[in-house]
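There are 2 protein chains.
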Amino acid sequence: MRPHIVLFGDSITEQSFRSGGWGSSLANSYSRKADVLVRGYGGYNTRWALFLLSHIFPPDSTKHPAATTIFFGANDAALLGRTSERQHVPVEEYKNNLKKMVLHLKECSPAMLVVLITPPPIDEEGRKDYAKSLYGDRAMKLPERTNEMAGVYARQCVELAKDLGIHTIDLWSKMQETEGWQKKFLSDGLHLTPEGNAVVHEEVVRVFSEAWLSAEDMPYDFPHHSEINGNSPEEAFQQKCL
Amino acid sequence: MRPHIVLFGDSITEQSFRSGGWGSSLANSYSRKADVLVRGYGGYNTRWALFLLSHIFPPDSTKHPAATTIFFGANDAALLGRTSERQHVPVEEYKNNLKKMVLHLKECSPAMLVVLITPPPIDEEGRKDYAKSLYGDRAMKLPERTNEMAGVYARQCVELAKDLGIHTIDLWSKMQETEGWQKKFLSDGLHLTPEGNAVVHEEVVRVFSEAWLSAEDMPYDFPHHSEINGNSPEEAFQQKCL
Chain A
1 MRPHIVLFGD SITEQSFRSG GWGSSLANSY SRKADVLVRG YGGYNTRWAL
51 FLLSHIFPPD STKHPAATTI FFGANDAALL GRTSERQHVP VEEYKNNLKK
101 MVLHLKECSP AMLVVLITPP PIDEEGRKDY AKSLYGDRAM KLPERTNEMA
151 GVYARQCVEL AKDLGIHTID LWSKMQETEG WQKKFLSDGL HLTPEGNAVV
201 HEEVVRVFSE AWLSAEDMPY DFPHHSEING NSPEEAFQQK CL
Chain B
1001 MRPHIVLFGD SITEQSFRSG GWGSSLANSY SRKADVLVRG YGGYNTRWAL
1051 FLLSHIFPPD STKHPAATTI FFGANDAALL GRTSERQHVP VEEYKNNLKK
1101 MVLHLKECSP AMLVVLITPP PIDEEGRKDY AKSLYGDRAM KLPERTNEMA
1151 GVYARQCVEL AKDLGIHTID LWSKMQETEG WQKKFLSDGL HLTPEGNAVV
1201 HEEVVRVFSE AWLSAEDMPY DFPHHSEING NSPEEAFQQK CL
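Those protein sequences? They're chains A and B, same order as listed. Heads up, the first sequence is in the numbering used here, so the first residue is 1 and it goes up one at a time. Heads up, the second sequence is in the numbering used here, so the first residue is 1001 and it goes up one at a time.
Hints are supplied without guarantee of correctness; some may be wrong.
What the hints assert, rightly or not - Below, a sample of chain B positions facing chain A; criterion: calculated Cβ distance under 7 Å:
# : residue
1 : Asn1028
2 : Asp1035
3 : Leu1037
4 : Gly1043
5 : Trp1048
6 : Gly1230
As the list claims (entries may be wrong) - Pulled from the structure, derived: some chain B residues nowhere near chain A, Cβ distances all over 12 Å:
# : residue
7 : Lys1141
8 : Glu1179
9 : Trp1181
Stated by the list, open to error - Under the rule of at most 30 Å between Cα atoms (straight-line distance), these lysine-lysine pairs were calculated in the DSSO-like manner:
#  : chain 1 : residue 1 : chain 2 : residue 2
10 : A       : Lys183    : A       : Lys132
11 : B       : Lys1063   : A       : Lys33
12 : B       : Lys1099   : A       : Lys33
13 : B       : Lys1128   : B       : Lys1174
14 : A       : Lys63     : B       : Lys1106
15 : A       : Lys106    : B       : Lys1033
16 : A       : Lys33     : B       : Lys1106
17 : A       : Lys33     : B       : Lys1100
18 : A       : Lys63     : B       : Lys1063
19 : B       : Lys1100   : B       : Lys1174
20 : B       : Lys1063   : B       : Lys1099
21 : A       : Lys100    : A       : Lys63
22 : A       : Lys33     : B       : Lys1033
23 : A       : Lys33     : A       : Lys63
24 : B       : Lys1162   : B       : Lys1099
25 : B       : Lys1183   : B       : Lys1128
26 : B       : Lys1174   : B       : Lys1132
27 : A       : Lys99     : B       : Lys1033
28 : B       : Lys1033   : A       : Lys63
29 : A       : Lys100    : B       : Lys1033
30 : B       : Lys1063   : A       : Lys106
31 : A       : Lys95     : A       : Lys128
32 : A       : Lys106    : A       : Lys174
33 : B       : Lys1106   : B       : Lys1063
34 : B       : Lys1106   : B       : Lys1033
Keep in mind the hints are simulated off the structure, nothing from the lab. Virtual Cβ for every residue (Gly too), placed ideally from N, Cα, C.
Construct the entire structure; sequences and hints are all you get.
What follows is the structure in C-alpha cells.
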C-alpha cells in the first residue's frame, strides 16, 4: 500500500534504528506515508554486498522500493596491510560495484529514486582511541582507515553519481564543514553520534524532497482523525476505505 | 523475505519512531531479522480503526505479518461530556471491536502472533497541565480522561485476551507498579516519555520471546561479516545467495 524506502548499506545503515538514528528519524519523517526498511550489513564492503543485491532487490518483485539509499565505502576504504585489510576493496572496484548496484536498481524500476551516500570522514585519533579501548597496547600503532583515503572513495562515489545522473550526498565533505566534526559527529572515529545521525537524516530528507519524494507533498494513507465526524465516521472513509 | 511485525494502534503507536520510541527500539532489536511496520493513527479509537482493518490487513495478501500488536483504548476511554467526547467508544463496543480485529487477523493467518496492549494509565494532573499549556484559562476544569476509566478499558482488554487465548500486555497495571509513574513514564499525562517507551519495548520483546518470536533464536538474513573469507567470499554466500 505505502511506498517503500530501503536503506542499503553497512553498519552505519544497520545501526540507523538505534536511539537517535537517522533511519528511525526518517521513518518518523515519513510517518503514515512511507515504510522505511533497513538493509544494513555491518562490516560489509561493496564486493560482499553484491552477493545480496538480487535477493534484497529481486527484479521480478511485484513491488519495488520508491527510493533506495546506497551507503557503502567506509569498509572498502580500509587500508591494505592494516588490521581491517580483509574489508579493503580497491577504489576502482568500489566505484564499479556501486555502478552495478545502481544499474540493478534502475533495471528493477526505472522510476526508483536512487541516492548514493559517500562514506563519512574518518577521525583517525578517534579510531586510535577506540582500538586502544579494545586491544590496549596490542592495538596497532598505524591507523586502519585514514580520512584522506575515505575522501578518495567519497570522490569516486560523487563522480559516479554525476556520470549516472543520480542524486548523491557527499557526507565526507558535508560533515567536515562543521568545526569539531571529529567528536561532534563521530563516536569512535567512524560511526555516528546522534548529531552525526541528524546530519544524515537532514541530508536524506533534503535530497528526497528536492527529487520528488517530499513527505509534505505525500498524502496520508488514511484520514487525519480531525476529519472524522464522530456521528458519521463512514463519510471520512468513503473515498479510501469503503 | 523477512517476517513483518506490524504495530497497529493510535498516537502512542504512531509516535513510536520518535527518538527513543518503542517502535524504533523494536526495529533495532529485530535488526536483520524482521521488518517493523508502523500502522499508528493518532486520535483514532477502535470504531474508526475498524474501517482500516481490511485495507491494512487484506485477507488475500500473499504475505501476512508474523506478528501484530493491537494497541488501542486511550481514545475510546475519553469521557462523555468532556472535551474529547467525540473519541469516546463505550467499553462493551471497545471490547467487541478489539475482538473483531483479533478474529480478522487470525482469519488472515492463524499462525500470526497477535498481542493486545492495554491503554497506559492516565496522569490526570499531567493532562490538566497539558490542557492549560494549550488553552490557558479556557481549559476545562474537568479531566477528559481519568485513570480509573482507562483501567476499566484495560481490564476488558485483558479479559478479551484471556477469552481468546492470546497474549496481552497490561500496560495500565505494569506502569503503575513503579513509584512516580505519572511523570516518569508519561509526558503529558497520556503519551510516553523515553522511559515509558522503554517499558513498552521491554514488554513487547518479552511477550514476543515467550511466544515464539525471539530475536535471539531467529537467523540473520545473510552471513555476519566475520563469517566471510576475504579470499573466497562466495563460500559464505553459497547457501543463501548463490
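Item to complete: With a cut-off of 30 Å on the C-alpha distance, tell me whether Lys1128 of chain B and Lys1174 of chain B pass.
Response: 23 Å, holds
Worksheet item: Under the criterion that the straight-line Cα-Cα distance not exceed 30 Å, is the pair Lys33 of chain A, Lys1106 of chain B satisfied?
Response: 26 Å, holds
Fill in: Hint consistency between Lys33 of chain A and Lys1100 of chain B [alpha-carbon to alpha-carbon, up to 30 Å]
Holds, because 26 Å separates the two Cα atoms, which is no more than 30 Å.
Item to complete: Under 7 Å, Cβ to Cβ, is where Trp1048 of chain B needs to be relative to chain A, so tell me if that hint holds or is violated.
Response: 5 Å, holds
Practice prompt. Given the hint that Lys33 of chain A pairs with Lys63 of chain A, test it: the Cα-Cα distance must not exceed 30 Å.
Written response: The given pair, whose Cα atoms are some 16 Å apart, holds under the 30 Å limit.
Practice prompt. May I ask you to check that Glu1179 of chain B keeps its beta-carbon over 12 Å from the closest beta-carbon of chain A?
Written response: 25 Å, holds
Fill in: Hint consistency between Lys106 of chain A and Lys174 of chain A [alpha-carbon to alpha-carbon, up to 30 Å]
27 Å, holds
Discussion item. Please verify whether Lys1106 of chain B and Lys1063 of chain B have alpha carbons no more than 30 Å apart.
Written reply: 14 Å, holds
Discussion item. Need the status of pair Lys33 of chain A, Lys1033 of chain B: alpha-carbon distance at most 30 Å?
Written reply: 23 Å, holds
Discussion item. Check whether the Cα positions of Lys1162 of chain B and Lys1099 of chain B lie no farther apart than 30 Å.
Written reply: Distance of about 11 Å is within 30 Å: holds.
Fill in: Hinted pair Lys106 of chain A and Lys1033 of chain B, Cα distance within 30 Å
26 Å, holds
Worksheet item: Does the interface hint hold: is Gly1043 of chain B within less than 7 Å of chain A, judged Cβ to Cβ?
Response: Since the shortest Cβ distance to chain A is 3 Å, the answer is holds.
Taken one by one, the earlier hints all hold for this structure without exception.
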